[in-house]
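Student: Protein chains in written order, with my numbering: chain Z, 295 to 671; chain G, 34 to 338.
Careful: at least some of the hints might be erroneous.
Pairs of lysine-lysine, BS3-like flavour, derived with a Cα cap of 25 Å [said to hold, decoys possible]:
#1 Z:Lys425 / G:Lys200
#2 Z:Lys448 / Z:Lys399
#3 G:Lys243 / Z:Lys448
#4 G:Lys243 / Z:Lys402
#5 G:Lys200 / G:Lys115
#6 Z:Lys399 / G:Lys243
Label pairs and their in silico Cβ distance ranges [claimed, not checked]:
#7 G:Leu248 / Z:Asp460: 35 to 45 Å
#8 G:Pro326 / Z:Lys399: 48 to 58 Å
#9 Z:Ala533 / G:Thr151: 43 to 53 Å
#10 Z:Asp460 / G:Gln142: 33 to 43 Å
#11 Z:Ser323 / G:Arg226: 33 to 43 Å
#12 G:Ala230 / Z:Glu660: 46 to 56 Å
#13 Z:Tyr307 / G:Ala148: 14 to 24 Å
#14 Z:Ala533 / G:Ala230: 26 to 36 Å
#15 G:Thr151 / Z:Asp460: 36 to 46 Å
#16 G:Met157 / Z:Thr407: 36 to 46 Å
#17 Z:Tyr307 / G:Leu317: 25 to 35 Å
#18 Z:Lys399 / G:Gln142: 48 to 58 Å
#19 Z:Glu320 / G:Ala230: 40 to 50 Å
Since the hints were derived computationally from the structure, they do not count as laboratory data.
What you are looking at is a predicted structure, and each value in this text was computed from that prediction instead of being measured.
The beta carbon of each residue, even a glycine, is placed where N, CA and C say it ideally should be.
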Amino acid sequence: MTSLSICNVGKQYHKGATTLENINLEIRSGEFLILVGPSGCGKSTLMNMIAGLEEVSSGQILLNDHDITHAPPAARDIAMVFQSYALYPNMSVYDNIAFGLQIRKWPKSDIETEVQRVAKMLQIDHLLSRKPAQLSGGQQQRVAMGRALARRPKVYLFDEPLSNLDAKLRVEMRTEVKKLHQRLGTTIVYVTHDQIEAMTLADRIAVMKDGVIQQLGTPQEIYQSPNNLFVASFIGSPAMNFIPVTVERNDQGLFVQLSDSGGQRLNVPLRADLPATVGQELILGLRPEAITEVQPHRLSQADTFQGQFMVEMTEPTGPDTLTLLRINQREVTARIAPQANPQAGHSLALMLDASQALFFEPSSGERLRASPQQRIA
Amino acid sequence: MLLAHPQTASRPWRWSLSLERALPKLVLAPSLLLALVCIYGYMAWTGYISFTSSSFLPNYEFTGAGQYLRLLENDRWLVACKNLALFGVLFIGISLLLGVFIAILLDQQIRAEGALRTIYLYPMAISFIVTGTAWKWILNPSLGLEKLAHDLGWSSFTFDWLTNPDKAIYTLIIAAVWQSSGFVMAMFLAGLRGIDASIIKAAQLDGASKPRIYLRIVLPCLRPVFFSAIMVLSHIAIKSFDLVTALTAGGPGYSTDLPALFMYAHAFTRGQIGLGAASAMMMLAGVLAILVPYLYSELRGKRHA
Ligand SMILES: Nc1ncnc2c1ncn2[C@@H]1O[C@H](COP(=O)(O)OP(=O)(O)OP(=O)(O)O)[C@@H](O)[C@H]1O
Ligand SMILES: [Mg+2]
């Protein structure tokens, strides 16, 4: 059982240019942690530092409470799967998997049984004598995973392992990775660009931007209560809708105004525990699935509004139709059941579930959170 | 026929089209002709001459393989061939080792790599004549290294390879290696740069040491580069004429004679054109013996790929 702690880790490739800043991550034993973030935010750099392939500029990395910050890669017992698979082109599949074991001076017979075991598990046992160039992308991917599995390391690192596969194979391999994790129960750190991969695989997700972790939490937490505008816009597809609003007050408390295509106003109340003041500019975030066709049984719920909206464009995806419309003159995407039959150029009655609305501070991008004092008051 | 009508109109168009098609061939024709006559023509001519008894002037009376038999009994030819074997093996071997080694060192993301690369590559820009002359001075006991050591007070130091018939061939190797290993380095450096860095990272995680990574994974991946380097180096070895002329002129005696020098001496200064032609044909056979299998494997590889 292996836990991995990353304490205040920073990285500077050049003096003055900070790539990673004060990264703190506690990865529990057996946990599947996923790092997501835009290109160039330092995900690979962090992985390479965990693996020992890149110097750590500051901070500490602990594996089971042992300091491995400056240990050579071979001494860490960590395996990594690379985006490009990084198979040894001159060796057969068998030798690719066996190489690490040979270097660790395993007896020949043990190597043989281990390679066979891994190859069976990944269904590549019929490919063992082939060279990597003679394999398909998916098969190469399996070999790369096999190479990582064979040593039975303490921690697996995956750096975008599926991003070179076509969409169908990616979904298949995603399931396979998940099964593998459930079966082996080893600690995994996994980098991906694909947020569906992140949502489906992770126990916890760390969202990074410009070398800083923006939020660390379970997929549900990240999706439902993002810390800031960046996380909110990065996670979720199609992305969350953002509508600038101004806080107003009436006798029921603070509210913001939304208007539909007919100019009808919908007053969305702010929860009393949010630290907002009258006249304050905010950004209201609403996921596409909070704007739907009218479901009469839900209309009676609090914070549910109905309005009339002009449809500008539709994108049928199958299970639902993504529909472009305007709220407060802002383009907004709604997720509508195909049965509601949204058509471009036609007006449509829609329902807004404002209970899912989030509010963000425009300058800092932080989400307004219930402050404990106000809750008491 | 309906279609026949537009034909008159399209005639000038056809003319220009066929001219356009023929133009590349027309432009290439003179150089092709030149190559045919001056390379393959003279090759054939030399081949024929090698079967005659030509001495000072070519004579076209066919006399069979006599010149080849004379050649094989010629002491100097045998020395030249032995020298070539020694020179070729050591020159190619050391150049490869040194070139690969420097390339690997330069590949470790060191500072000032660009400057070092240029320094190592520079000898390649110098002609073999200059290399030979420079090394002649450096190795000359009364001018170069030995004198320097003596002047510095190390009076027992001797380095007389240039004048020692048993060692003189090694001075050729030193000079040729100096000239060519930078080129080998450049070839391998380019090859190393082409290797995916994550392969090396993966091997590091597998626990392999740097030397092991290079020996087991990186260098085997560079097999095509080895082939090309050996091809180029063996060409240089077999053709090397200018270097020997400038450095030792085949001496002392004929202890550093090489086939190219032998051929030149017999064909042009000793009035034995027939024998010279025979030795030239032997050299051609040597080059072909290396080139043909290489081309064969290359072309076959291409077709399969
Ligand atoms: N060897 C290096 N020298 C200098 N800067 C580097 C080096 N490697 C990466 N960087 C910089 O560090 C930053 C983070 O790079 P990194 O490869 O970790 O990004 P990433 O999050 O993995 O991106 P991607 O999703 O595209 O793989 C980038 O701005 C990159 O330019
Ligand atoms: Mg990356």
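Student: Next step is simple, just say for each hint if it's right about the structure.
Tutor: Going down the list of hints, with the structure as the test:
no.: 1; hint: Z:Lys425 / G:Lys200; verdict: violated, 47 Å
no.: 2; hint: Z:Lys448 / Z:Lys399; verdict: holds, 18 Å
no.: 3; hint: G:Lys243 / Z:Lys448; verdict: holds, 23 Å
no.: 4; hint: G:Lys243 / Z:Lys402; verdict: holds, 23 Å
no.: 5; hint: G:Lys200 / G:Lys115; verdict: holds, 14 Å
no.: 6; hint: Z:Lys399 / G:Lys243; verdict: holds, 17 Å
no.: 7; hint: G:Leu248 / Z:Asp460: 35 to 45 Å; verdict: holds, 36 Å
no.: 8; hint: G:Pro326 / Z:Lys399: 48 to 58 Å; verdict: violated, 39 Å
no.: 9; hint: Z:Ala533 / G:Thr151: 43 to 53 Å; verdict: holds, 51 Å
no.: 10; hint: Z:Asp460 / G:Gln142: 33 to 43 Å; verdict: holds, 35 Å
no.: 11; hint: Z:Ser323 / G:Arg226: 33 to 43 Å; verdict: holds, 41 Å
no.: 12; hint: G:Ala230 / Z:Glu660: 46 to 56 Å; verdict: violated, 38 Å
no.: 13; hint: Z:Tyr307 / G:Ala148: 14 to 24 Å; verdict: holds, 22 Å
no.: 14; hint: Z:Ala533 / G:Ala230: 26 to 36 Å; verdict: holds, 34 Å
no.: 15; hint: G:Thr151 / Z:Asp460: 36 to 46 Å; verdict: holds, 45 Å
no.: 16; hint: G:Met157 / Z:Thr407: 36 to 46 Å; verdict: violated, 52 Å
no.: 17; hint: Z:Tyr307 / G:Leu317: 25 to 35 Å; verdict: violated, 55 Å
no.: 18; hint: Z:Lys399 / G:Gln142: 48 to 58 Å; verdict: violated, 30 Å
no.: 19; hint: Z:Glu320 / G:Ala230: 40 to 50 Å; verdict: violated, 30 Å
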